[in-house]
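**Student:** As given, the protein sequences belong to chains A, B, C, D and E, one line each in that order.
Residue numbering for the first sequence is 1 to 318, as defined by my numbering.
Residue numbering for the second sequence is 1 to 240, as defined by my numbering.
Residue numbering for the third sequence is 1 to 273, as defined by my numbering.
Residue numbering for the fourth sequence is 1 to 319, as defined by my numbering.
Residue numbering for the fifth sequence is 1 to 374, as defined by my numbering.
Derived from the structure by calculation, the hints contain no laboratory data.
Keep in mind that this is a model prediction, so the values were computed, not measured.
Be aware that a few hints might be false.
Capping the alpha-carbon separation at 16 Å, the derived lysine to aspartate or glutamate pairs in EDC-like fashion look like this [what the hints assert, rightly or not]:
| no. | chain 1 | residue 1 | chain 2 | residue 2 |
| --- | --- | --- | --- | --- |
| 1 | E | K236 | D | D149 |
| 2 | E | K91 | A | E275 |
| 3 | E | K27 | E | D323 |
| 4 | D | K188 | B | E96 |
| 5 | E | K336 | E | D323 |
| 6 | D | K188 | B | D99 |
| 7 | B | K68 | B | E58 |
| 8 | B | K200 | B | E29 |
| 9 | E | K320 | E | E295 |
| 10 | B | K200 | B | E180 |
| 11 | E | K187 | E | E156 |
| 12 | E | K283 | E | E295 |
| 13 | C | K168 | A | E190 |
| 14 | B | K172 | C | E264 |
| 15 | E | K162 | E | E190 |
| 16 | E | K350 | E | D113 |
| 17 | E | K291 | E | E54 |
| 18 | E | K350 | E | E54 |
| 19 | E | K292 | E | E54 |
| 20 | E | K236 | E | E190 |
| 21 | B | K68 | D | D211 |
| 22 | D | K51 | D | E115 |
| 23 | E | K261 | D | D211 |
| 24 | E | K291 | E | E50 |
Taking CB as the label site, the calculated pair distances span [stated by the list, open to error]:
| no. | chain 1 | residue 1 | chain 2 | residue 2 | range |
| --- | --- | --- | --- | --- | --- |
| 25 | D | A155 | E | K291 | 37 to 45 Å |
| 26 | C | R141 | A | F148 | 35 to 43 Å |
| 27 | A | Y76 | D | Y183 | 57 to 65 Å |
| 28 | D | I304 | A | A167 | 38 to 46 Å |
| 29 | D | R80 | A | F130 | 53 to 61 Å |
| 30 | D | L92 | E | G367 | 31 to 39 Å |
| 31 | D | L18 | E | G367 | 33 to 41 Å |
| 32 | A | L4 | E | S321 | 49 to 57 Å |
| 33 | C | G158 | D | I304 | 40 to 48 Å |
Backbone N, C-alpha and C define an ideal beta-carbon position, used for all residues, glycine too.
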Amino acid sequence: MNRLTLSVVALVVAVLPFAPLFLNTYQVDVLNSIGLYALLALSLNLILGEAGLFDMGHAAFYAMGAYTAAILNTHYQIPILWTLPLSGLAAGAFALLVARPVIHLRGDYLMIVTIGVGEIVRIALVNDVFGITGGANGIFGISRPKLFGWVIRRPEEFFYLIWGFVALTIFLFLRLKQSRFGRALNYLREDEVAAEGSGIDTDAYKLAAFGLGAAWAGMAGTLFAAKMTIISPESFSFWESVMLFMIVILGGAGSVLGVLLAAFLVIGLPELFRELAGARMLVFGLVMMVMMVVRPQGLWPAQTPRISLAALTGARKP
Amino acid sequence: MLLEVEDLHVRYGNVEALHGINLQVRQGEIVTILGANGAGKTTTLHAISGLLRPAQGEIRFESRPIHKLPAHRLVGMGIAQAPEGRRIFGTLTVRENLDLGAFTRTDQVQVAETLQWIYQLFPVLAQRREQLAGTLSGGEQQMLAIGRALMARPRVLLLDEPSLGLAPLLVKTIFQTLWEINEAGVTIVLVEQNARAALKLAHRGYVMEVGRIVLEDRADALLANPEVRNAYLGGQAAGE
Amino acid sequence: METLVADGMSPARVPTEGMSLLVLRDLTKRFGGLTAVNAVSFAVEEGSVVGLIGPNGAGKTTVFNLITGHYRPDHGQILFDDRPLAGLRTHRIIARGIARTFQNIRLFQRLTAIENVLAGCHYRMRSGIVGGMLRLPAQRREEREALDRALQELEFVGLQSQAAVLAKNLAYGDQRRLEIARALATQPRLLILDEPAGGMNEQETEALIGLIAQIRARGVTILLIEHDMRLVMRACEKLVVLEYGGKIAEGTPDQIRRDPRVIEAYLGAGDDD
Amino acid sequence: MPASGISPISPIHSASPLVEEFLQQLTNGLAVGGIYALIALGYTMVYGVLKLINFAHGDLFTYGAYLGLTLLTSLALTDRLGFALGVLVLVLMVMGLVAVLGAILERAAYRPLRESPRLSAVVSALGASIFLQNTLMLIYGARFQVYPDDILPTATLNVLGLYVPLMRVLIVLASVGMMVALYLFIQKTRIGAAIRAAAIDQGAARLMGIDVNRVILLVFLLGPALGGVAGLMVGLYYGQVNFTMGWVYGMKAFTAAILGGIGNIPGAMVGGLLLGVIEALGAAYVSIAWKDAIAFVVLILILIVRPTGLLGERVADKI
Amino acid sequence: MKKSLLAMVAALSLGLGGGAQAADTVKIGLMAPLTGSWASEGQGMKKIVELLAEQQNAKGGVLGKPIEVIVEDDGGDPRTASLAAQRLTTKGVAAVVGTYGSSVTEASQAIYDEAGIPQIANGSTAIRLTEKGYQKFFRTAPRDDEQGRMAAQTIEKLGFKKVAILHDSTSYAKGLADEANALLKKKGVEVVFFDALTPKESDYTAILTKLKGANPDVVLFTGYYPEAGLLLKQKKGMNWNVPFIGGDATNNADLVKIAGKAAEGFYFLSPPQPQDLDTPDAKAFLADYQKKYNELPPSIWAVLAGDGFRVAVAGIEGAKSADGAKSAGYLHKDLKNFPGLSGSIAFDAKGDREGEVYRLYKVDADGNFVMQKK
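With the sequences and hints as input, model every part of the structure.
**Tutor:** Below, the structure written as structure tokens:
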């Protein structure tokens, strides 16, 4: 990272916590939306960016988490934020279950299977599977989250909840990236055969990437359910998966900061183009195309090398 | 002069891989290019066959500048390459591979003659003509790669490491055939790691180091050159 | 040492000071109608360097892939350290102490040299998702140790100055050596090299012969496939020759060099280069 | 509560209504599948040569439908030339225009990304898809567009008790005909060989004297042309088109291409027809509401057994 | 490049600005699906509301100030709708009209309620929208249960004994189908088929074949007009002459365009068609609309958005204040027999429209929608 970008990042980090003070509720809500998508995209980035597994059905895991939270909250009156780990677990377990038989599929074949899983989940939700998802109506009446007795209701309040979780996610994921686990995902992205031949259980790591990414998406789903207080299948359509996919690739697969930046653009641009009314999606599509052509590696590609020379020389000294 | 390369510079992005190469190939010659890995031998071949665009310098074929022409135009003019790693079309049959070698030719009768010639040079290809090329062994694939290049009836044949990964017996066979091909009038430019075999076959040789030509001489002179022996022939050979 | 001419029978224990680290017994692999490996048996003694040679398509790489678990044998046995390997997945086999390099270089191209070598350290490390996220002291210690080991291996193959260079930006010979460093980082007892000198010129091959000797001096047993006869003759103490999937000869380099069947099938007559 | 004990399925004229219904559903599925197959060909051809999933292909299909409508109504082709000739001219015009659109798309959105990571081109394709779709909405408006309904003959064939509209038969025949023609072109001609060579190894193809850029251009003319015709056929036969229809059909066709083994031309045909039949039978015998889910479950099961689709090459990783 | 990226981000954050300005106009928000699947409805809504505002302003606006209509696109999707709603709340609107689609409306209800802005929905018929106790939520559209009741009555009255019910899994269509199903069973009418099709496809012959196998007297389709049109057309192609009854979402002129002659004999339930609006006021307005846009409104839902706009204005005028609580209070209590385009309007305590709105229509041989006598 050069000095300019470092200082810009520092500036954003310094200013962001105060954003609700000088933005109106709409603008704060746009930031909340961006934050949710940033969370989802970061979770997809583990699967798609770090491990190189083409997942274009990520909305299924997001839905899994949101519905788990909503059902637990409305049927069993469990406070919505308490369901966070449970919906993460549910989404993660679901991902492991469905990914297990198809984990050997390569590239585009895996992509269509994930698209299929996303559609199957959506259709199941629409058809009110097990009679608990509310069908096309979805689930409503989800209670507002409470944190230390404080009811979170206004966008300004959600801002801190969502972005606090984003900050925690970035912190953890950046560390994970430089760990044994993170490297293993990169090995299998680069060359599966060589990774297996270096003693890495590639199947286990692919599943782990799916499980962890899905679990995180599930937790993002909980926040979404808490924010909207009503969820319905149309919030988890194929289009959502496509948007997340675009965010990760546009940002630069495997790049945490790039993914964040892309979440700002992909979610923010259509808002920026609101003045264009009916033409706003047209301009959005054009901008996507142009950005990709101008920056084929992504807006902010992953930094290499990630192990600094300083760390190398440090390690040599016993 | 059949082929002339003059002050050739090639860049990959910001890195210059060739810093001004000069070489000449006369009609009927076998010329070999030696050098360590990364010296720029393959880059030179790719520039000649049009897969890479030179940043500077000129390549002339029969006195016509060709360095601005795309690869597919050069095949018709008489420059064919059997690339490194063979790059045969694995899911097509042997016969289809050979037919593609003659893609630019329209003289069906003569194409059939060339095909017979190639089956004669490499009888195994005739036996396996209906087989998928990907199922051939490494040596057979190399023969197919050479045969496919010859189907264009080139004036000059560029060969990139034809002995790579081949058993000693096969290397001998291939080099024997290269000699036959040359006898039939095809000029050959040969890039080889197996410097000894290459120099024994070639008339002349060039030695490249990090993007430059450092030595140029008759092949037997290079074979005797102590520097060359030291650098590329591993000092004294085992078994001698 | 005595020559064991192939007869499809299991090899007699060769009386050397070492034990047989790897024993192949009657190994057979078919692909569709093609028998790629046909009842091959041989043994690799602990501490030795054994060469597997033969014409292209003789099934040498298939034998390697059977040993490292990329393929399952249709018939026969592979014993490593007297325990069967059959049915294990590759990473389990690596954990048993077998490491390999590939005929076509398979590095993690967009990662640095040191990260490539760290892949070899992977299975001896413990930390998982939670450890990685929280960066606990145990995990930090483990990372430091792994980094240290990886650097040692880089140094061993002479690439310490290239540690932070992306694998794809390394020279060809350096890439081959990096692959060996990655394999060595798994701390193998048996190292399997598939055409390590492929694409090297004679001088680079010289250096490789030196490196093989060094690896052997560390006590690592080596099994290699190679077409470069100078390397094979000088580095190996035993050669196994395959043709059409079957073993046609086994013995010392000198014996093999004079074996008429090997000359006919593989080496060719006449001058010896 | 039904008071009577009469079965809801009353006997119809045929001896075996169950068999009849099954056959009817089979023909229903084949008719839809033919359209899927025609679109799937575009995906598979582009994928074969560029390893790119052209997510904008579905929108080219929509353009075929819209351009067809505009040409049909503004030029009054069938009035002037008669039905058969008019439709033929219309088909050719739509093919040509959509092919040109495909070529422009290749030039603008994909060629600059040819050396880039594959997924970058996928995102560019998605962007192009959004762009194309919304352009159409701005030009024609968001309302459904409707083909004049007096153009096609409405004759219905009654074969063994099955009602098969004549146009359906024609559509299936036309689809199969175009597919066979394409297959022969790829397999038997010199240019077809060049396409196959470029699909395997572009660099080697250039060394054969093949102009790879022209091959890619050709693929981006042929695939969209077939997609455009499919759009026209849907418009002519079903009568209504809307600017988002390419998204639905495109996804189905992409599924079909994968089912058959992407990159494989006969695979796209088999995959398309099979997907149509699976959908029809799934709707008939399991549940209409779960039809798409059933199709995906079948796809996943097939991929578990055959990881590269029905006719896809099984690429063993060469080690 | 980095710099230009930063510039983009900066532009983005600035572009999202533009808060409320000084109130020299009365702002009325319209939330409508201008893009996405229901863009055609949304654009109709926009045209109607803008024309009405123009006319109102010509008459002097409201409270002596001109009316400014602020349109936000909800994309027909709940998440975008919640952002659109937030944005409208920051613009100082006195009331919001819209939107089309119950779940989309639902995603915005709480936001307006918390901001104290009255919302008058048009194309949102789900029962529960008015069961939550929001005091500032109204709708000009009738509720699904009323339509369900009407559907069951009609089927009974027309004497059908075996009914097949087909919906499209959307919240609205499923709700209506469930409602009708329960009522029909209660009345002793046999329901021989109940399932959902997948919207947006072109070929429904597989479904029709299955339907035919169930041999119903009549098919009740509760989904939308594009699918209804195709069903009718393909049903005719199969030589199957069973009558079809549609719900109010099939009320769209495009239905006949899609189905062609096959539309003849199709029944549907709907609030009165734009052209059946019989008050002179409505007739005059439709003439103006035709003059300005050279077409008729796409459906009754757009007209109901127009009514929403008029009601919103009436509320402000009646309360003599742009304050949300006051105008909402006026609408609940004091608005009686308000002359809307779709007939007289009054709201009950829940914010639902009072009175029976539904009519039975039948398509005649020329493709006209003919209102049947009650």
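**Student:** Hints broken by the structure, by number, lowest first?
**Tutor:** Numbers 5, 9, 18, 20, 23, in rising order.
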